[in-house]
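**Q** Quick note, the sequences are listed as chains A and B, same order. Numbering-wise, the working numbering puts 78 at position 78 of the first sequence, and it's gapless, one number per residue. Numbering-wise, the working numbering puts 6 at position 6 of the second sequence, and it's gapless, one number per residue.
Note that these hints are calculated values from the structure, not bench results. Think of the CB as a built atom: it goes at the ideal place given N, C-alpha and C, for glycine as much as any other residue. Be aware that a few hints might be false.
Said to hold, decoys possible - Computed list of chain A residues with no C-beta within reach of chain B, every gap over 12 angstroms:
#: 1; residue: Glu28
#: 2; residue: Arg32
#: 3; residue: Asp46
#: 4; residue: Val51
#: 5; residue: Lys69
#: 6; residue: Asn81
#: 7; residue: Thr88
#: 8; residue: Thr101
#: 9; residue: Asn107
#: 10; residue: Gln110
#: 11; residue: Thr138
#: 12; residue: Ala177
#: 13; residue: Asp179
#: 14; residue: Glu187
#: 15; residue: Ala191
#: 16; residue: Val198
Stated by the list, open to error - Derived pair list, reagent style DSS-like, types lysine-lysine, alpha-carbon separation capped at 30 angstroms:
#: 17; chain 1: A; residue 1: Lys68; chain 2: B; residue 2: Lys167
#: 18; chain 1: B; residue 1: Lys98; chain 2: B; residue 2: Lys158
#: 19; chain 1: A; residue 1: Lys69; chain 2: B; residue 2: Lys167
#: 20; chain 1: B; residue 1: Lys158; chain 2: A; residue 2: Lys68
#: 21; chain 1: B; residue 1: Lys167; chain 2: B; residue 2: Lys98
#: 22; chain 1: B; residue 1: Lys98; chain 2: A; residue 2: Lys68
#: 23; chain 1: A; residue 1: Lys195; chain 2: B; residue 2: Lys167
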Amino acid sequence: MINSRFFAAIGMTALMSAAAVAQSPTAELEGRISAATRDTIDRLIDSARAVGLPTGPIAAKAAEGVLKKVDDARIIRAVRNLVRQLATARTVLPRESGTGTLVAAANALQAGVSTRALARLAAASPENDAALAVGFVTLADLVASNVPPEAAASSIEQLLQRRAPETQMAALRSAVARDIQAGRSPEDALATRTKAVVQSLGRP
Amino acid sequence: MRDRDETLLSPTLRDAVGELRDDAPPSDIWRQRLLHDVAAAPRPSVGTGTRWSVRPITAIAAAVVFMAIGASVTVLATANEKADVTADATTDVKSDAKARVRFTFDAPSATTVALVGDFNGWAAAGLPLRRSDDGRTWVVEVPLAPGRYAYSFVVDGKLAPDPAAPKARDDDFGTTNSVVMVRGGE
Chain A
1 MINSRFFAAI GMTALMSAAA VAQSPTAELE GRISAATRDT IDRLIDSARA
51 VGLPTGPIAA KAAEGVLKKV DDARIIRAVR NLVRQLATAR TVLPRESGTG
101 TLVAAANALQ AGVSTRALAR LAAASPENDA ALAVGFVTLA DLVASNVPPE
151 AAASSIEQLL QRRAPETQMA ALRSAVARDI QAGRSPEDAL ATRTKAVVQS
201 LGRP
Chain B
1 MRDRDETLLS PTLRDAVGEL RDDAPPSDIW RQRLLHDVAA APRPSVGTGT
51 RWSVRPITAI AAAVVFMAIG ASVTVLATAN EKADVTADAT TDVKSDAKAR
101 VRFTFDAPSA TTVALVGDFN GWAAAGLPLR RSDDGRTWVV EVPLAPGRYA
151 YSFVVDGKLA PDPAAPKARD DDFGTTNSVV MVRGGE
C-alpha cells in the first residue's frame, strides 16, 4: 500500500511538473540556451504579463535569437529592448489597441521613430486600430529605406488624417523605395510621393 | 523485562501493582448516563456522507483528465485571443478571412525545407514545405491575417532567406529577414 501511494505521489509530481513545463512560454527553448538565460527571459515575460503586455512576441523574439544561434547576452538584450518598446508603445496607444498594433509601434520605435511621433499618429487615427497598425508598419519600412523618421511620421500622419486605405499606404512605401533605388534622395522621394497621395485623397 | 523487574518486588507491592493493572469496570450509573447522552446527542452533519476513497491509479487518471481539460481550455482561450486580434486587424479593411500565402523555395538537392517566422513564433520545428512534382521547388501555403511578417526558410537545418522576397535588416541579431506583407481586402 505504501509503495503504491509512493508511486502515485511520484506520478502526480511528474505529471504536474510536465504540465508546468508545458505552460512555460519558453518551454521550447529548454536545453537550447542556458538555464540562467531562460530564467531571465521567463522573468522578463512574467513582468511584461503583469503590466498587460502581450507575451507571445517576446517569447518569439527569444526563439528567433536561439534559432539564429546568437549568444545568450544578445538574446537577453533583444528581449529586454522589445519589452521596453512594447511598454513605451502602450503608454501612447489607446488601451484597446491590439497586439499587432502594439508590436508594429514597438518596431517603429526600434527603427528610430520617437515616442512623440507615435503619439501624433495615434491621435490621427484614434478609432481605427487596423489603420494605425498599417501606418506604423509603413512608417518603420520608410525609415528602414533611409527616410528620416520625423519626415516619415509626418507623411503617415497626413495619410491617417485623410483615412488613406491600406493600398495607398503600400503604394507610398513601394514608390518611395523605387525612387530611392533610382537615385532620388529619400527626403525628395517621400515629399513628392506623399503630395501625390494626399492630393488624391482630398482634405481630411 | 517488566515481568522480571516485578519479581524483585515484595508480595504486597506485587499485589498492589496487579490491582492497578486491572481495568476497573465502569460503574452502572456512569455507563447508563453515557448511553443516554449518546442517544440524545444530535447526529453530526459532518461525516455522515460517503467517504471518498480512490486508488492511486484512479487519482492519477483523474489528474490526467483534469489537466487535459485545463489544456483544452487554455488552447481555446488562445484560439479566441488570436481570433480577436484578427478581427481587430481587419475591422477597417473589411476582410475577416486569412489569406492563404504561398511560400516557395528552389532547392533541388535539399532534404528538408521548413518555414519559420513571426507567424509561428520562430519555433525551431517550423512549417514543413513539401517537394513539388518537378523535384526542384518546395512549397507550403500558410493562412495569414493581414499584416507584416518577417520570416526565413530553414534548409537542411540552416537558415536561408527567401531570394524572391524583400529583405529587412534585423538589428537585434545582426541578420536579415525576408518580409511578406499581407494586405486585407477593401
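**Q** So, for every hint listed, does it hold in this structure?
**A** These are the hints, each one checked on the structure:
1. Glu28: violated (6 angstroms)
2. Arg32: violated (8 angstroms)
3. Asp46: At about 17 angstroms from chain B, aspartate 46 of chain A clears the 12 angstroms cut-off, so the statement holds.
4. Val51: holds (17 angstroms)
5. Lys69: violated (9 angstroms)
6. Asn81: Incorrect as stated: the minimum Cβ-Cβ distance to chain B is 7 angstroms, not above 12 angstroms.
7. Thr88: Label holds. Min Cβ-Cβ 16 angstroms, cutoff 12 angstroms.
8. Thr101: The claim is violated: threonine 101 of chain A sits with its nearest Cβ about 8 angstroms from chain B, within 12 angstroms.
9. Asn107: Non-interface label fails for asparagine 107 of chain A: nearest chain B Cβ at 8 angstroms, not farther than 12 angstroms.
10. Gln110: violated (7 angstroms)
11. Thr138: violated (9 angstroms)
12. Ala177: violated (8 angstroms)
13. Asp179: holds (16 angstroms)
14. Glu187: holds (20 angstroms)
15. Ala191: holds (23 angstroms)
16. Val198: holds (19 angstroms)
17. A:Lys68 / B:Lys167: holds (16 angstroms)
18. B:Lys98 / B:Lys158: Since the Cα atoms of lysine 98 of chain B and lysine 158 of chain B sit roughly 29 angstroms apart, the hinted pair holds (cutoff 30 angstroms).
19. A:Lys69 / B:Lys167: Between lysine 69 of chain A and lysine 167 of chain B the Cα gap is close to 20 angstroms, so the pair holds against 30 angstroms.
20. B:Lys158 / A:Lys68: Holds, at about 9 angstroms.
21. B:Lys167 / B:Lys98: Cα-Cα ~23 angstroms, so holds.
22. B:Lys98 / A:Lys68: Between lysine 98 of chain B and lysine 68 of chain A the Cα gap is close to 28 angstroms, so the pair holds against 30 angstroms.
23. A:Lys195 / B:Lys167: holds (27 angstroms)
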